[in-house]
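Participant: What follows is the residue order along each chain.
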Amino acid sequence: MRSFRRGFRSFRRNYARNLIVVVLLFVCLTFSMSMLAVKLAADNQVDTIKQKVGNYGEIKVSSEYQMKQFEAEREKSRAERQAEARSMTAEEELANRVSTLVPEKLTDQFSKDQYIKTYDKVLQTNVTVPGIANTNMQQLFRARDNGPEEQNAGPPGSRMNQNSFFFAGNTNGASASDFATGARKLVQGNTFTYSDYVDANPVVVVEKNLAADNELEVGDTVEARISGESGSNSSVELKVIGIYETVQAAQQDQGSSSDTPRFNPAGNMFYAPLSVVQKLNATPGYVELGSYYFDSADDTAALKATFKKDAAGTSARYEFATDLSDYKAIADPLLKARNTAVIGLAGALGACALIILLAMIIIVSGRTRELGVLKALGSTDRQVIAQFAFEILCICLVAIIFAMGATALIGQSLGNWILPKTEKAATSQGSRTGPPGMRMFNRDSLYKEGGRFSAGDSGQKQQAEKLNVVYRGSLFLYGILILVGLSLVGMAIPVFWIIRLRPARVLSME
Amino acid sequence: MSTRETVNVEDVSKTFQVKAGEVTAIDHASFSAEKGKVTTIVGPSGSGKTTLLYVIGSLEKPESGEIEVAGSDIIDAGTDLVRYRRESVGFVFQFFNLIPALTALENVMLPMDLAGKPPAEQHQRATELLDRMGVSGRLLKARPNKMSGGENQRVAIARALANDPEVILADEPTGNLDTATGQMVIDILSGLAHEGDKCVLMVTHDESILEVSDKAFHMVDGRLSEITA
Numbered sequence: 001m002r003s004f005r006r007g008f009r010s011f012r013r014n015y016a017r018n019l020i021v022v023v024l025l026f027v028c029l030t031f032s033m034s035m036l037a038v039k040l041a042a043d044n045q046v047d048t049i050k051q052k053v054g055n056y057g058e059i060k061v062s063s064e065y066q067m068k069q070f071e072a073e074r075e076k077s078r079a080e081r082q083a084e085a086r087s088m089t090a091e092e093e094l095a096n097r098v099s100t101l102v103p104e105k106l107t108d109q110f111s112k113d114q115y116i117k118t119y120d121k122v123l124q125t126n127v128t129v130p131g132i133a134n135t136n137m138q139q140l141f142r143a144r145d146n147g148p149e150e151q152n153a154g155p156p157g158s159r160m161n162q163n164s165f166f167f168a169g170n171t172n173g174a175s176a177s178d179f180a181t182g183a184r185k186l187v188q189g190n191t192f193t194y195s196d197y198v199d200a201n202p203v204v205v206v207e208k209n210l211a212a213d214n215e216l217e218v219g220d221t222v223e224a225r226i227s228g229e230s231g232s233n234s235s236v237e238l239k240v241i242g243i244y245e246t247v248q249a250a251q252q253d254q255g256s257s258s259d260t261p262r263f264n265p266a267g268n269m270f271y272a273p274l275s276v277v278q279k280l281n282a283t284p285g286y287v288e289l290g291s292y293y294f295d296s297a298d299d300t301a302a303l304k305a306t307f308k309k310d311a312a313g314t315s316a317r318y319e320f321a322t323d324l325s326d327y328k329a330i331a332d333p334l335l336k337a338r339n340t341a342v343i344g345l346a347g348a349l350g351a352c353a354l355i356i357l358l359a360m361i362i363i364v365s366g367r368t369r370e371l372g373v374l375k376a377l378g379s380t381d382r383q384v385i386a387q388f389a390f391e392i393l394c395i396c397l398v399a400i401i402f403a404m405g406a407t408a409l410i411g412q413s414l415g416n417w418i419l420p421k422t423e424k425a426a427t428s429q430g431s432r433t434g435p436p437g438m439r440m441f442n443r444d445s446l447y448k449e450g451g452r453f454s455a456g457d458s459g460q461k462q463q464a465e466k467l468n469v470v471y472r473g474s475l476f477l478y479g480i481l482i483l484v485g486l487s488l489v490g491m492a493i494p495v496f497w498i499i500r501l502r503p504a505r506v507l508s509m510e
Numbered sequence: 001m002s003t004r005e006t007v008n009v010e011d012v013s014k015t016f017q018v019k020a021g022e023v024t025a026i027d028h029a030s031f032s033a034e035k036g037k038v039t040t041i042v043g044p045s046g047s048g049k050t051t052l053l054y055v056i057g058s059l060e061k062p063e064s065g066e067i068e069v070a071g072s073d074i075i076d077a078g079t080d081l082v083r084y085r086r087e088s089v090g091f092v093f094q095f096f097n098l099i100p101a102l103t104a105l106e107n108v109m110l111p112m113d114l115a116g117k118p119p120a121e122q123h124q125r126a127t128e129l130l131d132r133m134g135v136s137g138r139l140l141k142a143r144p145n146k147m148s149g150g151e152n153q154r155v156a157i158a159r160a161l162a163n164d165p166e167v168i169l170a171d172e173p174t175g176n177l178d179t180a181t182g183q184m185v186i187d188i189l190s191g192l193a194h195e196g197d198k199c200v201l202m203v204t205h206d207e208s209i210l211e212v213s214d215k216a217f218h219m220v221d222g223r224l225s226e227i228t229a
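Heads up: the sequence lines are chains W and U, in that order. Heads up: the first sequence begins at 1 in the numbering used here, then just goes up one per residue. Heads up: the second sequence begins at 1 in the numbering used here, then just goes up one per residue.
Incorrect hints may have been included.
What the hints assert, rightly or not - Rough simulated footprint, nothing fancy, chain W against chain U, three-plus residues with beta-carbon under 8 angstroms:
(1) 54-68
(2) 101-111
(3) 114-122
If you are wondering where the hints come from, they were derived from the structure by calculation, not from laboratory data. By construction, the Cβ of each residue, glycine as well, lies at the ideal position given by its N, Cα and C atoms.
Just chain U, same shape as in the assembly:
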């Protein structure tokens, strides 16, 4: 793995048992993603791209293969996966997955709270991050159900950045947004990679995102192939 490579996936496979039998979600997938770049995996629904993202995020366990993210071997049983999820990766979901009982500010403070950071530091960083995402003023104290989809997704991105992870894992980040808002979210994520030196890994079925991608892969039936320009 080169010094810029932050995510390195080698020969990873994952299958699910369903009533009809065994379904291969990921079929010997290998790829890498680097810091400062947007890496995109496109493919139709059910192709296994979200599963791959969750495997990288340690929310699913693969049957085989090796995965190294930000210097952590997440397949190794000795790796502290809770700490890995807190500090090394940040998730952005299609349905935002903000906690409905918390305000925008509190949602962003939550990962820092779980990491044990002091409340004052949490508050300051969350305010800064939300300000960078264009969420400020009364919106800081608004709950998710009082905000638009775009605002919710920007809060979700701020939350993903809360503990300053090296990798941002975005699952269909524009899937639940209108075109204009989706474009705004893509711009933010792209900015995080290019200006913030983050490794942004997106999975989507929206091929228009390929325009802002530095590296792209196509996924069909669990098999991954690189899209070359």
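For reference, chain W alone in the conformation it holds in the complex:
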């Protein structure tokens, strides 16, 4: 304790000399702490992004396989296709129908991987609901053909008509991506549950305007036709259990009068349990995709390996698509800023170490007589070392306190200065999913981003456009570590000097 007091006294009394060291250290430490703050901010933001992006994957039929199928079909003439369809057995017909679907066995097997946190299965298909008029489709056809309003047919050769709707099936209505992204919101009744999926309960959730146009209420029933079936068992009666609203419809309601015709293609979607949609599509045991959430982007490589193992022999047909590229596009600017900050931090800390080392060489060499006197007066090496250690600690402490203050002032600016160099790249790479409304034409789009005509979520991208350099506890902890580290480096010279010093040699010198 006495040694510390002597060290503090020595620090105060040699203020002019120490001030120079403090100022030099302050400059380097301010840069170090600012870089550290930038690194911590970037790490924190990357962690936040990791919780939302890069932790999603889905098993689906690969784009290449679908393209090959399409090309093969295109090469056939219409007559060839019709002849082929006529000669198909029931098994061949099923095989043909599921050629762009994934067997549930594969998606279920993959869901057992240790990294998988949540699992869903999705099937979207086109279903005819004879009693319900698709007013949006009517508007589309009218606009295309400029024909009579009562025209009730789609384009020639298309399965689409004015009673056609998209049916989206999954295992739990609440976790359907459109509801998860906020593109759709339940406004009346309930959505279907996992039990509805397991029990294949014939329930459905419909869009608000569609329900209003067709005078549908919760509790009413609609009849949906099973694909490819005819006769008495060709349809399923579905009970409306909930009504949802789309973002677009909500905006239209706010921005226009009730007389304005409402065009809301996003409202063409019916939501039903997967097992029901599989029945309507006549593809039991097959899904469009298996949807998985895992811990973070770090698990992607392991999951890809698992997929390769699970899909052995069929890996060319199926693919495990992830949002890793989204994660990279969003997190890359932050990661680059972090790497720059780490390099800056290392350089600045190196400079700090050099400064304290050189300063101590100068200081101690100028105080050898004092060291000799202390030893001649009966100081132990430990007492002298403790005194110098505390003096150095004081120098570093003052410098780091001021540096922390300066970091609060310049940390954010430094962060902004580092980040913009990579920001542009992020915004261009981040457009993989395309503009809202065009996603339905993009085979690369992921289920988690929302379905057809959904606006998606651009929040994560915005998160990467600015580094929020804020003070946090860890900065102080690192500050203390730097303080201790610098003091130890600074002590290297005095310790060496003190132990080797022979007082008799320095006391006689003039």
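Since chain W is already given, all that's left is putting chain U on it; use the hints.
Facilitator: Same frame as chain W, now just chain U:
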């Protein structure tokens, strides 16, 4: 060793390795110094007298011989030399060797602080000692660079007395002072021996100091010979 003998040096030798070869600083030196007396070793520069003083003060190790100071065998490996330097001997140097960052009072308090004495006791004794040396008032808080050579040497003597050692080792105590101030310092050291019952051992090249010495030795090329009246 008689009861009055405080320093007893027997057949001590010390050599240094230099580029040109080996230099004998102390060549089989033997002498003794007693309490209440001023013992002086005179000799030209480079004769080995400062080395002998540092050997007695345990700042240098001799190659051979025996040294007993205030009951401590300082050649014995078991002797706590740090404690010995704190409690048994007090140094007075030619260039004062005060710590520049400390005030006169703090410089005197320092050996007591190193010995672990309470701050109040340190302050009281340091003030008394400095008062005895004629250093008081504003000088107590003055730093060495703000004091004259004589004042610095008086502070250095007070510091040497801080832990009340039996032996005062003075290396050219007047070497850096004018004649009048030097005489004053000699008087103080002489007073410490004769009135304070200390064993004062001085090494100097100033033969005028022999006048106040009770016992004197001449040192040339590391060899010691007693000067008889």
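Participant: In terms of beta carbon proximity below 8 angstroms, does the segment 114-122 of chain U have 3 or more residues touching chain W?
Facilitator: Holds: 3 residues of the segment 114-122 of chain U have a Cβ under 8 angstroms from chain W.
Participant: Are there three or more residues in the segment 54-68 of chain U whose C-beta lies within less than 8 angstroms of some C-beta in chain W?
Facilitator: Result for this restraint: holds, n = 4.
Participant: Are there three or more residues in the segment 101-111 of chain U whose C-beta lies closer than 8 angstroms to some C-beta of chain W?
Facilitator: With 5 residues in contact (Cβ-Cβ under 8 angstroms with chain W), the coverage given for the segment 101-111 of chain U holds.
Against the hints set out earlier in the document, no violation occurs for any number.
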